[in-house]
Each structure stands twice: as C-alpha cells, then as structure tokens.
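Whole structure, please, built from the sequences with the hints as guidance.
Those sequence lines, one after another, are chains A and B. Using the working numbering, you'd call the opening residue of the first sequence number 38 and step up by one each time. Using the working numbering, you'd call the opening residue of the second sequence number 17 and step up by one each time.
Because the hints were derived from the structure by calculation, they are not lab data. There's no promise every hint is true.
[Said to hold, decoys possible] Residues on chain A that point at chain B, a partial pick, calculated with CB under 7 Å: (1) Leu146; (2) Ala170; (3) Met268; (4) Phe277.
[As the list claims (entries may be wrong)] Over 10 Å on every C-beta distance to chain B, these chain A residues come out as not near it, computed from the model: (5) Asn50; (6) Thr105; (7) Ala133.
We put the beta carbon where it would ideally sit given N, CA and C, even for glycine.
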Amino acid sequence: MDLSAFILQQMVNAFFLGSIYALIALGYTMVYGIIELINFAHGELFTAGAFIGVIVLTGLQQIGWVETHFVLTLFIVFGLAMAYVAVLGVAVEHVAYRPLRNASRLSALLSALGMSIFLSNGMMLSQGVSDRAYPQVFGLESIDFLGAKISHSQVFIIVLAFLLMVALQFFVHRTRLGKAMRATAQNRTIARMLGINIDQTIRITFMIGPALGAAAGVMVGLYYGAVRFDMGFIFMIKAFAAAILGGIGSIPGAVLGGLIIGGIEVAWAAFLPSAWKDVTTFTVLILVLYFKPSGLLGESEADLRV
Amino acid sequence: MLGQEIKKLVVYTIFLTIIILPMLGFTGGAEFQAKRAFVVLGVGVALLVLNLIVKVIRSHRPLPEHDQPSITERIADRLHQIPKIFTIGPLLLAAVIFPLVANNYMIDVGITCLIYVCLGLGLNIVVGLCGLLDLGYIAFYAVGAYSYSLLNLTYGFSFWAALPIGVVLGMICGCIIGYPTLKMRGDYLAIVTLGFGEIIRLVLNNWDDLTAGPNGLFGMKRPPLYYPAFEEGGLEMVTYYLTSLPGLFYFILVIVILTTIGVNRLDKSRIGRAWIAIREDEVAAELSGVPTTWIKLLAYAMGAGFASIAGAFFAAKLSYVNPNFFLFMESCIVLCIVVLGGIGSIPGIIIAGFILIAVPEVFRELEGFRMLAFGAIMTTMMIIRPEGLIPASRRKRELHHRRDEAERGSK
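Have a look at this one:
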C-alpha cells in the first residue's frame, strides 16, 4: 500500500472513530447545556446500550432474522437499545439528579459519580466480568476506495451516525420541544415564566442524549465485536474531551470536537507508539481546558466561568 | 395523597421492570433466566412498597419540630461535649490492644483500614476543606509508592530517607495538577483530575524501563527502626526491619495519629479558615485578602503529601507495587469514605474508613456487591444526608442553611 492510500485509510478510520466520539459527546453537551452538570453516568449508559444491543442481536440471530431480514434486524437492535437507554436515562435523572437540582455543585457531582459507579458495577454483576462477543453480522468484505479499504460496517456506522446527528440538529432547531430545550438551556427561570415545562424538558434531554450514546455503544460493539462492563470509562473521557474541545453546550461543537479527537488518536496510533495514545487524549483535554475552556465553538469564557 | 403515591408506585414499578428484566435476564446466550431477574425485580418492588408504607405512616404522624436534630446528630453533639480524653483514650487503647488479641488476617485488614483512613484524611483537605473535587487522588498514592520503591531498589535508600523525597515528589505532582486547574470550576476540575490520575497510571504502566510496566516492582525493604546497642568498642546502631504484621500495624497507627493531629491543626489554623472561605465563596475570599491561588495550591500539595506517605508505607508493607493498585476505582473508594464520613469531618472519616473497608472484608461472599453499594451510598448520602454520618459542625450549618434558603426560594 502506498503512502497516499495509507493516509486515506487512516483518514477513514479517524472519521469513523470521530463520529462515534461525536455521538457520545452530544449526550454530554446536551445534558451540560441544560442543567450544567457533567453526567458522569453517561459512559455507563453507553455501555448499557451496547449490552442491550448484543442481547437483542443474539436473540434475533438465533431465530435467523439476521440472514432473512437484515435491515429490519439492525433497525430493531438500534431501536431497542436506544429506547432502553432512554428509559434508563430518565430513571437516572429522576433518582440522582432531580433531588439535587438546587443543591451545591459538589453534591450534584458526587451524586452523579455515585450513579456511575452503581450502574457500572450493576452491569458487571448482571452481565459478567469478561468480554461479551457481538455476533458478526457484517462479514469481512470491504469496499475499495482509491486504494483504501473501507469495511461495510464502517460505512454503515458513519452513515447512521451522521443521520442521527442531522436528525438531532433538526429536532433542536425546528421543533417546539427543541425550542423549549434551547430556552431552558439559556435561562431556566425565564423559560419557566414563559410556560415551558422545565421538568419535562430536562427529562426529554435525558432521553435523547443517552439514546445517542446507546447508538454509539451498539456501533462500537458491532465494529470491535465485543462489549465489556467497563468500556464506558475510556469512551467517556474521550467523548468528554471532544465535548470540551468543541465547546460544551454546543451541538456542532461536539461533532467537530469528536472528529478532531478521533483524528488525533488515529494519527497517533498510526505513527507513534499506540500504548501512549490515551495519554494524548488526556493531554489534549487538559490543554484545551487550560488555554481555551470555552472550546472552539462555545460561548464566551465570561459566561462559562460565572 | 395516597392515590398519587400509588400512581407513582405503579410508574416506578413499570420503570424497574423495563430496566431490570433485559439486563439481568439475558446473561449468556439467548435464553431468558427468569429466576434471577424476577428475584431482583421483586426486591426492588418490595423496597418501593416499603417506601410507600413509611411515607403513609409518616404522613399520619404530626410533623416534628423543625429544629429537632436527628439521633445521629444528637449523638455527635453529645460526643463533642464529653471531654476528649474519654472518647479518644479508649479508642487509642483499643487500637493498641488490637494486634495483641487479633489474628494475622484481622491485623492485615486493620492495616488496610488505617491506610485508607490516612488517604481519606488527606483527600478531606482537598475536597472537604477547600471544596475542590479531586477524582485522581490515588495518583499521589501511586507517586509515594513508586518513589519509595524506585529509590529503595535502585539507590538503596532506606524508608526514612526515601519518605521525605516521596512526599516532596507527591507535593510537586499535586502542584503540577493543581496549577492548570486553579481557574476551573468544579466539574471541569473533576474531569481534569481524573485525566491526570489516569495519565500517571498509564505512564507507570507503559514506561517499562523505569517501572517494569504491568509486572510491577518487588523486593522493597520494610520500614526499618534503629536502636542503639552497646557492643564491644562502643555504641552501635542496630537496624531492625518491621516485618511482623503487628509491628506494621503500630507503625501505620502512628502515621494515622500524626496525620489526624496534622489535619486537625490545619483545619483550625489560619490556612484552614482560608480553605473554608474559598470553598464557601471564592470571590469573596479573594476580596477579603486570601491569596486564593497559593492557598488552593497548598491544599493540593498537602493532600498529595499525605497520600504519598500512605503510598510509601503501602509499598514498604507489601514489598510489591504494580500500576493496577492505582485504578480510578480506588479514588472512588477514598472519595466515598470522605462522603460517608461527612465532608470536612475528621472523626466521621475515621469511622467511615473502618466501615467501608472492614465491613466488606467480613462479608467476603458479597465481595462483588462492594462497589455497587459504594455507588449507591454516594448517591443516597448526597440526597438524604449531604453532611455525612458525623457532620463537621461548620459544614452542617452551612448545608442546612442553604437548603432552607432553597426551600424558601421555591415557595
């Protein structure tokens, strides 16, 4: 493989990884935008989505739907995983975040962290400590694109991720609920005065954000072929770095940040020792927070640091 | 009222069913394991029903006086009134007698408890007094452990020579982590400290030439004691290595006592008041002349210093370290100790350290549920009793004041 094909291949990989990070980062950014709290449990919700995906997919494989109704199977897998995690997200919000909405920031953060530990260990106890294998439904064929090989699963995942992002953008900017969400994010008190149901808006945010994370979880499972109860942790940090890099609270920012983080990681793994690639992500996160905490597309710093 | 509660119960039950059945029902293959899933679901629903019954009974009783403190608070208040010698004296005596009556396993658990108490007290400076949420605290413990191990293995430094170096290294690491985060708000700070903690662990894991990577380092000497002996030709210092468990127990006990005294003095000093001022309102503190930058860095450095001491002891006790001792979960355990004991409360942290480390050892078969319970404790404590088991008096007033304000505001 010559160099240009190699670079193209890496770019495809970066785009693929970046779109997964972007999907997870969207969940952070939406929740942060609306209640100004890092949803520490987001990584666990992502893992839960991956687990539901493997459960449903295994079931459908056994009754033979993967061969006969391939598209329908994928639709059901993604649909159920996202629906389940939406329910879980609402439950987490109700249990851990709602009672502390007026409490100090430290209390809310600790509560969120407790929820994250609880969910992660709950999944460990229910689904086991070892890797859980995903059925390989896409096969190994790949498309030849100017010398780079793009597997079918990569194509599918990139397309689906971008469809979801476009749908989200449409929802937030073109529907009534989306408008209510933006209003609540801007100023909760005024939004309530204008007759917006704050509780309901926050609940919907906690359905959509985690549901996107669940979709990312199923994608990760489909591509890498396995899920583990603690895989949410590393994805959480990377997606968080992406959300910060793009400017937390900004939806296009999260997508941009995800792609950049994916690019950095793939570039590092391609040319430098890959054992250190996680260190780069953390370093990027810290550097961004230090030099430009508002991110690339975020609000001004003065607003953020109040 | 009752109708509403029953409606809530039904909704919660539906939610629980949706959440629990798929996750617990399908574990290996595609067949549904009904028994396990329904047992857990049954427990969940039973808890909800119990909660409903308690609520109904409570609603029939007259409301208690608003100022009536709860039982634990009254016990805590009473404890504060008794002269210290009567509360601390018996505790110390019990700690001194403990290794004489306990078997090796119990002493080992006791040592682990004391190490965590030491860590909890150190983290209390950062989280409890200064109000900065540090999720990478265990990294300083790792710094202490690895600096002792490396100094001892490569240069043959004794424990006492390596300890100050380790503490200084830990404090420098604390400042390195603290410096970029000084201007950040709580949640960014949490993520950045988490990132730093992972960086340190990854460096330990990947830097094979120095740290032997995931294999870890072994063969460190135990902490030595020196005593003079009169031999032929004059006085000679004899080195005695603390190899027995009771000896190590007394050693860490002394460290914990010194740490407690140190943290207590810090709490009541000018610096401690400055930390609390920063926790309450940073802008106001700055305007009152508190040099917030230095005081916050000092909090990080002091917290890191105590963790390094604990780390050096840990490495010396075990004669073995590897990067997997310093996972993120360990930071969570220490944080849970601080939260359960009461943020900022020294006796609370000591008690919580023993509860959270020793109780899971006793119920060994429930080992897997340990972290599950820790997560649940953290969330529940924050919702029900944010001031912890034994509230620090200042902190308690502040929390309740704030909550009252919030209630008044919402009315």
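Problem - Hint numbers not upheld by this structure, sorted from lowest to highest - result: 2, 3, 7
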